[in-house]
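Once you have looked at the hints, place chain B on chain A.
Line by line, the protein sequences are chains A and B. What the first sequence shows, in our numbering, is residues 1 to 550, in sequence order. What the second sequence shows, in our numbering, is residues 1 to 197, in sequence order.
Mixed in with the good hints there might be a few duds.
A partial selection of chain B residues facing chain A, derived with a Cβ cut-off under 10 Å [unchecked claim]: (1) Leu-120; (2) Ala-149; (3) Gly-172.
List of simulated lysine-lysine pairs, DSS-like, C-alpha gap at most 27 Å [what the hints assert, rightly or not]: (4) A:Lys-469 <-> B:Lys-121; (5) A:Lys-189 <-> A:Lys-357; (6) B:Lys-134 <-> B:Lys-45; (7) B:Lys-121 <-> A:Lys-379; (8) B:Lys-81 <-> A:Lys-47; (9) A:Lys-548 <-> A:Lys-255; (10) A:Lys-146 <-> A:Lys-545; (11) A:Lys-542 <-> A:Lys-167; (12) B:Lys-121 <-> B:Lys-134; (13) A:Lys-146 <-> A:Lys-548; (14) A:Lys-189 <-> A:Lys-460; (15) A:Lys-189 <-> A:Lys-163; (16) A:Lys-4 <-> A:Lys-255; (17) A:Lys-163 <-> A:Lys-449; (18) A:Lys-255 <-> B:Lys-81; (19) A:Lys-189 <-> A:Lys-466; (20) A:Lys-379 <-> B:Lys-81; (21) A:Lys-426 <-> B:Lys-81.
FYI, nobody ran anything at the bench for these hints, they're computed from the structure. All values reported here derive from a predicted model rather than from experimental measurement. No residue lacks a Cβ here, since even glycine has one placed at the ideal position from N, Cα and C.
Read off the chains here:
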Amino acid sequence: MALKHVNAVVIGAGAAGGIVAKELAVGGLSVALLERGQWYTTADCRKDELRNQRTCILGNPFGPDDERNPRVAVDAQGRARIVLPSEGNYQNNAACVGGGTVSYGAMAWRFMETDFRLRSTYGPVEGSTLADWPIGYADLEPYYEKAEWEIGVSGDVTPDPFKAPRKKPLPMPALAGSRETELLRAAAKRLGWHPFDVPMARNTVPYNGRQPCMRCRWCVGFACEVDAKNGTQNTVIPTALATGNCELRTECMVKEILTDSWGRVRGVAYFDTRDRLQEQTTDVVVVSAAAVESARLLLNSKSRLHLNGLGNRHDWVGRNLQGHSYPRVAGLFDIDLYDDLGPGAGIALCDFAHHNKAVVGGAMMTNEFMRSAIQFVAKVPPDVSRWGPEHKAFMRRAYRSHASVGGPVQEMPVFDARVQVDPEVKDYWGIPVARLSGGKHPHVIEVAKFIAEKCVVWLKEAGATKTWKSIPGTGLSGGQHQAGTCRMGNDPKTSVVNRYCQVHDVDNLFVIDGSVNVNNGAFNPALTIMAVAYYACDHLLKTWKGTKFR
Amino acid sequence: MTQTPRNPRRRRFLKTAVSAAATGALVSCGRAGSQWRFFSTEEAKTVEAISERFIPADQDPGAAWAGVVRYIDRQLAVCFKFRVFRELYRQGLAGIDQTSTALFHARFVELTSEQQGAVLKALARGKPPGEIWKQVSAQQFFDMVLNHAMQGYYGDPRHGGNRDGVGWRTLGIPLTPVRGREQFDLRSLPRATGGAS
Chain A
1 MALKHVNAVV
11 IGAGAAGGIV
21 AKELAVGGLS
31 VALLERGQWY
41 TTADCRKDEL
51 RNQRTCILGN
61 PFGPDDERNP
71 RVAVDAQGRA
81 RIVLPSEGNY
91 QNNAACVGGG
101 TVSYGAMAWR
111 FMETDFRLRS
121 TYGPVEGSTL
131 ADWPIGYADL
141 EPYYEKAEWE
151 IGVSGDVTPD
161 PFKAPRKKPL
171 PMPALAGSRE
181 TELLRAAAKR
191 LGWHPFDVPM
201 ARNTVPYNGR
211 QPCMRCRWCV
221 GFACEVDAKN
231 GTQNTVIPTA
241 LATGNCELRT
251 ECMVKEILTD
261 SWGRVRGVAY
271 FDTRDRLQEQ
281 TTDVVVVSAA
291 AVESARLLLN
301 SKSRLHLNGL
311 GNRHDWVGRN
321 LQGHSYPRVA
331 GLFDIDLYDD
341 LGPGAGIALC
351 DFAHHNKAVV
361 GGAMMTNEFM
371 RSAIQFVAKV
381 PPDVSRWGPE
391 HKAFMRRAYR
401 SHASVGGPVQ
411 EMPVFDARVQ
421 VDPEVKDYWG
431 IPVARLSGGK
441 HPHVIEVAKF
451 IAEKCVVWLK
461 EAGATKTWKS
471 IPGTGLSGGQ
481 HQAGTCRMGN
491 DPKTSVVNRY
501 CQVHDVDNLF
511 VIDGSVNVNN
521 GAFNPALTIM
531 AVAYYACDHL
541 LKTWKGTKFR
Chain B
1 MTQTPRNPRR
11 RRFLKTAVSA
21 AATGALVSCG
31 RAGSQWRFFS
41 TEEAKTVEAI
51 SERFIPADQD
61 PGAAWAGVVR
71 YIDRQLAVCF
81 KFRVFRELYR
91 QGLAGIDQTS
101 TALFHARFVE
111 LTSEQQGAVL
121 KALARGKPPG
131 EIWKQVSAQQ
141 FFDMVLNHAM
151 QGYYGDPRHG
161 GNRDGVGWRT
171 LGIPLTPVRG
181 REQFDLRSLP
191 RATGGAS
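Bound conformation, chain A alone (with noise of 0.2 Å):
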């Protein structure tokens, strides 16, 4: 039985289509919401230490599962394996309503302004396809405004001098401090530095009808136990629902993207919760399954029109997959810092993001979420033995006397380190995989190595009797921060979509996510992914009054 047609099919329910759904339904369009996973709730939180999204070494609570979803990645020597959702390269992102949303930490940052114009400040870098982004910051500054209103942030960024100019307060206020969180921040001050406190999408106080953060650790990789970091499945996706406007339907993969004999998309084909092959038309398509997936799915629209996939003349989609690349230092104490108060990020700075004279870029650096017991197994100093009686007694003396201090190194995109799909190996629906390869700019290590050095200094500074590194290798980056597979820009030649995020060829198409990114930022993306969903849905409902895509 054919399906009702709706005016747009949003893939993915994630930070990014969470808000696109909502958007478009309050916009009064009929939208259908189309989900891998399934709707997780406060109900499926397990403080579980082997199975989460961030230590998933018995496997991923919120997807996708390890037996439906392989991939393929490519190592620097050029060997392919096949990788599942919890291994590492996998690059995973999880598959749920609320996508990373649902586990991710929840720090809710703005870009700088700088952030946009990397190319034009630092000039170009080899082997790099660093370039500005078409917008800028003031085109996004009221969508990050109406993200931090909507979804709900807390946090005190006033005394950051190096921010972005913004008009309203966060709508909440930050935590009070923890020890460690105290620590650092009077020895950044010290330093002469600027500490602040993380905007978090997390309730501190009572907010959209939920209560506030109860305090324990379990942010990263967890469900929220009391419903109090907000996601999109939290919010805007009920908003939609609540319209009448919007169908939710999970466990839906789809295919590939349906096109007519003019080249212009009329629906999508997906596999239904049953498995039976389903086909949706629709007016337009939105596509916000993250830089992956994402791409995967233009790559495997293939038609007459579209030879290489959709958005691909110019053989640019997949390109530059980049995430974030982390440095961190550990310091060990003589007092004892373990208050057990979560979020556990708290402490933020943002001297070295930018305009560092050593190195192109830089990162914000802020102490670590919690490290759980069997996370800091491996995270003893190189001097002291992985194993034996001295292990042991370091782990007692260490593990309630450390800090840990890091930030996201903005990468420099290559064009090489990209998203394909494979031409042999297939999920459990049949469909082609993602096929991932390529590597990490090596100047991003130095940058690394250059924060690096910088959060050694903090540590001493607070009281570190001693300190030990772990600088990011050269692999491919991604993960949950996941971004750059297809590039917004104003030429058709060097870009996936436009600045509005419609696809270059394909104007009732639209790519809205985190794979428009020209760069990632110094910062976690989730917030400016849903500032750039704000943002081009304004321009997707202003088209839909005028030509209504037909």
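Same frame as chain A, but now just chain B:
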């Protein structure tokens, strides 16, 4: 809510993905006369001895008491991801006895702690004596058992290890994973609209 795929395509998928993922030949789970799901009685004793060297008893109990073997055995039997480790356990556990015999003329479990430590160091360095290590990487085996032992000692008790939260007690951190509640009295705050509990 189809968690478990139930249609013929699954067979095709398993063929393409799982066997291609080099999971190795399907190994039989459980051995006759063994109380374990995957290990034979002797294998389990060897794993217990190895893990006890990795996390020895001191003022707090070690890996053997914590039930690390139970954790590993259970995951090898039931966890999808652990299927890839089965073959390496079978071969590596035979290999470590070959190394022990070559160095100290006895099986691993019969050695003194110092001798066991020496065998493990030989494995960690790579290329220890023993026929099996010509086909199997000793370092890979060492790292695998080390990781799993740590998971069974410091990881969540619901998976079979960390008996009575001994790993967390060792670190001096609270046992219940429902942490933080004592910090705030939630009853005084407005309740969320359904869902939250």
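Item checked: Hint numbers contradicted by this structure -> none
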